[in-house]
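Novice: Below are the chains, spelled out letter by letter.
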Amino acid sequence: MSKKEFIWNRKHLIGLRELSREEIEYILDTAQGFEQVSTRSIKKAPTLRGKVVVNLFFEDSTRTRNSFTLAANRLSADVIEFTQKSSSVSKGETLLDTARNLEAMGIDIVVIRHSAGGAPKFLSRNINACVVNAGDGYCEHPTQGLLDTFTIRKIKGSLEGLKIAIVGDIAHSRVARSDIYAMTKLGAEVTLVGPPTLMPAKVSQLPVQVSYSLDAVIGQVDVINMLRIQFERMGTNPFPSIKEYSHYFGLTVERMKKAKKDILVMHPGPINRGVEIESEVADGTNSVILQQVTNGLAVRMAVLFLVNQAAMAKE
Amino acid sequence: MAKNILIKNGFVIDPANKINQKANVYVVDGKIAEVSKFEPKADLIIDAAGKYVLPGLIDIHVHFREPGDEEEETIASGSAAAVAGGFTSVVCMPNTDPAIDDATSVEYIHRMGRQARRTHVYVMGAITKGRAGEQLSEMGFMTQAGAVGFTDDGSGVQNAAVMLRALKYSSMFKNIVISQHCQDNLLAGAGAMNAGFNSTVLGLPGIDPLAEEMMLWRDIQLVRKTNMRYHVQHVSTAKSAELIRQAKNDCLPITCEVAPHHLLLTDDACCDYDTNYKVNPPLRTAKDIEAIKQAIKDGVIDALASDHAPHLKSEKELEFLAAPFGIASLECALGLYIKALIEPKIIDWPQLVSIMAVNPAKIISVDKGTLGKGKQADITIIDPDFEYTVDVNKFRSKSKNCPYDGWKLKGKVEYTIVGGEIRYSTFATV
Numbered sequence: 001m002s003k004k005e006f007i008w009n010r011k012h013l014i015g016l017r018e019l020s021r022e023e024i025e026y027i028l029d030t031a032q033g034f035e036q037v038s039t040r041s042i043k044k045a046p047t048l049r050g051k052v053v054v055n056l057f058f059e060d061s062t063r064t065r066n067s068f069t070l071a072a073n074r075l076s077a078d079v080i081e082f083t084q085k086s087s088s089v090s091k092g093e094t095l096l097d098t099a100r101n102l103e104a105m106g107i108d109i110v111v112i113r114h115s116a117g118g119a120p121k122f123l124s125r126n127i128n129a130c131v132v133n134a135g136d137g138y139c140e141h142p143t144q145g146l147l148d149t150f151t152i153r154k155i156k157g158s159l160e161g162l163k164i165a166i167v168g169d170i171a172h173s174r175v176a177r178s179d180i181y182a183m184t185k186l187g188a189e190v191t192l193v194g195p196p197t198l199m200p201a202k203v204s205q206l207p208v209q210v211s212y213s214l215d216a217v218i219g220q221v222d223v224i225n226m227l228r229i230q231f232e233r234m235g236t237n238p239f240p241s242i243k244e245y246s247h248y249f250g251l252t253v254e255r256m257k258k259a260k261k262d263i264l265v266m267h268p269g270p271i272n273r274g275v276e277i278e279s280e281v282a283d284g285t286n287s288v289i290l291q292q293v294t295n296g297l298a299v300r301m302a303v304l305f306l307v308n309q310a311a312m313a314k315e
Numbered sequence: 001m002a003k004n005i006l007i008k009n010g011f012v013i014d015p016a017n018k019i020n021q022k023a024n025v026y027v028v029d030g031k032i033a034e035v036s037k038f039e040p041k042a043d044l045i046i047d048a049a050g051k052y053v054l055p056g057l058i059d060i061h062v063h064f065r066e067p068g069d070e071e072e073e074t075i076a077s078g079s080a081a082a083v084a085g086g087f088t089s090v091v092c093m094p095n096t097d098p099a100i101d102d103a104t105s106v107e108y109i110h111r112m113g114r115q116a117r118r119t120h121v122y123v124m125g126a127i128t129k130g131r132a133g134e135q136l137s138e139m140g141f142m143t144q145a146g147a148v149g150f151t152d153d154g155s156g157v158q159n160a161a162v163m164l165r166a167l168k169y170s171s172m173f174k175n176i177v178i179s180q181h182c183q184d185n186l187l188a189g190a191g192a193m194n195a196g197f198n199s200t201v202l203g204l205p206g207i208d209p210l211a212e213e214m215m216l217w218r219d220i221q222l223v224r225k226t227n228m229r230y231h232v233q234h235v236s237t238a239k240s241a242e243l244i245r246q247a248k249n250d251c252l253p254i255t256c257e258v259a260p261h262h263l264l265l266t267d268d269a270c271c272d273y274d275t276n277y278k279v280n281p282p283l284r285t286a287k288d289i290e291a292i293k294q295a296i297k298d299g300v301i302d303a304l305a306s307d308h309a310p311h312l313k314s315e316k317e318l319e320f321l322a323a324p325f326g327i328a329s330l331e332c333a334l335g336l337y338i339k340a341l342i343e344p345k346i347i348d349w350p351q352l353v354s355i356m357a358v359n360p361a362k363i364i365s366v367d368k369g370t371l372g373k374g375k376q377a378d379i380t381i382i383d384p385d386f387e388y389t390v391d392v393n394k395f396r397s398k399s400k401n402c403p404y405d406g407w408k409l410k411g412k413v414e415y416t417i418v419g420g421e422i423r424y425s426t427f428a429t430v
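Chains R and Z, in that order, give the protein sequences.
1 is the number of the first residue of the first sequence in this note's numbering; add one for each residue after it.
1 is the number of the first residue of the second sequence in this note's numbering; add one for each residue after it.
Isolated chain R, as found in the complex (with noise of 0.2 Å):
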């Protein structure tokens, strides 16, 4: 099927797991439109006018919220900021009756960060505006794998063919998830890296390889990404110290040395300097870590712009 004839009909992205090879590629074709959206000087484009979109972020979040925020502003819709602190949630209201409370003033769109996977898959059987995954526990964050491997394909062309390690806590980490099925779809080799104690249950199931050294894989890849130790989501500690954790698995000046030299570094952010990646690596020129950022305001657009598009079709 060419491009022209594909239609996107899904108004909630809920994961990547369950997109085709073909509706990534649309996403990111549609991203790379909404690029230059950024650039003129007025940023603005008309496409989700009268639209309501609201944030519901049951986690803290930086970029992922702002970034979605403006991606929204940007294709001039009404934004509502929602927060766990100052809501009914405090009060006791469930994670249902606050997104029909909220549907009830006329939303359009719920984008949704919540601690527990598949809260937006719940969210979406039980309510009529789209559903936009932004992080649940450690299931999916798919915009963020979206915006990775717009990233990786921008500067690469293609992501056919490509080695790519992922490195660090695979476990607790929805970013790994999402970017395993997107980078593997689009035709990646992709390699985790990271300590036994960090690899989830039966990870060999996943179309990825796994290895515990991460000095065996740096020569190999052609992107590395570096995940965040997510400290907040662990239990018992799975390694006995960051000292050791970054001797094995930090991405330093020095283990840099041995990697190929047009390699991407990569990180979903925010980054423990000195403990996963060092800040002379983080700030280096292989480093794509704030394009990153710039191209994940391109594909949120884009995002926002096709469920809105798909419910349309629908009503």
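Since the hints were made in silico from the structure, they are not lab data.
Check the hints yourself; a few may be wrong.
Straight-line alpha carbon distances no greater than 30 Å define the calculated BS3-like cross-link-like pairs of lysine-lysine that follow [stated by the list, open to error]: (1) K202/R x K287/Z; (2) K239/Z x K202/R; (3) K362/Z x K3/Z; (4) K202/R x K293/Z.
From the structure, some residues in chain Z lie toward chain R, with a derived Cβ separation under 10 Å [unchecked claim]: (5) N194; (6) P205; (7) D208; (8) A269; (9) L321; (10) P324; (11) F325.
Distance ranges between label pairs, derived from CB positions [claimed, not checked]: (12) Q32/R x E70/Z: 54 to 64 Å; (13) A160/Z x N237/R: 21 to 31 Å; (14) Q158/Z x E160/R: 49 to 59 Å; (15) R224/Z x N237/R: 28 to 38 Å.
All values derive from a computational prediction rather than experimental measurement.
C-beta atoms are modelled at their ideal positions from N, C-alpha and C, and glycine is treated no differently.
Starting from the known structure of chain R, fit chain Z onto it as the hints suggest.
Specialist: Same frame as chain R, now just chain Z:
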């Protein structure tokens, strides 16, 4: 109440008396007077042609939520659900709020059970005060009050020394069983479902099968030391079944039960985050189901319980992580077991009756599970071929958290007779 009841032309399955044939069952003054071809006059005649007449089924694992959470279930509503499911006796778990951990609480459950006038209601007391896992509760007083065993169900006793003490102490009392919800809390963590590939892609914390197996292995060593009666609740893994098999081979006094969901559902069912599939122990894998079914066939599994765990819709209408564990299944448990075990010919009807009536009675040491002469007339009459669709809206249970809604099942309960009194009938409001 009819003084005499004649149940005629039914197919009587009474493994305790090795009866497996067409016969009449004659009930006089609430007791079994005779099972034979004899056809005496009676105040009430039930024509059971084409039906199976069984000793009343016994469910040794139900949660009736009273006291504390009466909006979910009461002893009255739970008992009504029980008789509709063919159960003439049930054993309530003590994880209520407050916990059933003293004689007064035990007496209260019995009183409410009698008032409900449906099924016989028994109760297990908590092993430890408040189910906190630290200090033994007053097992003696609770035994005197009629508790049929002890468990901290809802959680396992984490401290091995406390468990050892519980086993030793309970040896003072005749016919008391210590039951365990085998789960090591540290290994289970904040798990919401089985740890495996599905939990990985769903991004949900998993409960490793080891959490069950480690505590079971530990307790087997404690039983080896004390030789006290010990019962494993809701066995969910292949390895657990194997550990129990070995322990039985070593002649340890161990019994165990399974719940229907661990025979019919795998953790694939959680893939849509439907909280009706959230149970503890969690749904496992097809391999686990296969092993447990084999263990049932081999006689390693002693009892089939329902683990009826009612919750309000509002409690289950939450994110998977936040929702409580449990399935309401009393009213369809028999049909589910028929589907899981009889239809695929894993066991036959006498075996089913053994593990749903005879053995459960032995585990809780009550003189039931048989249609022997002089026994209390607890009888379940079912139409084995009658197909019906599970409809949660018709449940007597106050809660409808049941993933089997809409399932087609065979084996409909027609009469549940408790102490010679018809307490449930499909043909009339009782």
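Novice: Evaluate each hint against the coordinates.
Specialist: Here's how the hints hold up against the structure:
1. The straight-line distance between the Cα atoms of K202/R and K287/Z is roughly 15 Å, inside the 30 Å bound, and the hint therefore holds.
2. For the given pair, K239/Z sits about 18 Å from K202/R by alpha-carbon distance, which is consistent with the 30 Å threshold.
3. Restraint check for K362/Z and K3/Z: satisfied, since their Cα atoms lie roughly 29 Å apart, inside the 30 Å limit.
4. Simply put, K202/R and K293/Z have alpha-carbon atoms about 24 Å apart, close enough for the 30 Å limit, and the pair holds.
5. Annotation: N194/Z was flagged as interfacial toward chain R, and the flag holds, the nearest CB pair being 9 Å apart, inside 10 Å.
6. Look at P205/Z: its Cβ gets to within about 8 Å of chain R, closer than 10 Å, so that hint holds up.
7. Contact between D208/Z and chain R, as hinted, is supported at the beta carbon level, the nearest pair being about 8 Å apart and thus within 10 Å.
8. The interface hint given for A269/Z is violated, since its Cβ lies 13 Å from the closest Cβ of chain R, which is over the 10 Å cut-off.
9. For L321/Z, the suggested interface contact is upheld, since its CB lies about 4 Å from the closest CB of chain R, less than 10 Å.
10. Because the closest C-beta pair between P324/Z and chain R is about 13 Å apart, greater than 10 Å, the hint is violated.
11. Annotation: F325/Z was flagged as interfacial toward chain R, and the flag is violated, the nearest CB pair being 15 Å apart, outside 10 Å.
12. At roughly 59 Å, the beta carbons of Q32/R and E70/Z sit within the given window of 54 to 64 Å.
13. Against the hinted window of 21 to 31 Å, the Cβ-Cβ separation of A160/Z and N237/R comes to about 24 Å, which satisfies the hint.
14. Separated by about 52 Å at the C-beta atoms, Q158/Z and E160/R satisfy the suggested range of 49 to 59 Å.
15. A hinted range of 28 to 38 Å for the beta carbons of R224/Z and N237/R is consistent with their spacing of about 34 Å.
In summary, the structure is inconsistent with hints 8, 10, 11 from the numbered list given earlier, while agreeing with the others.
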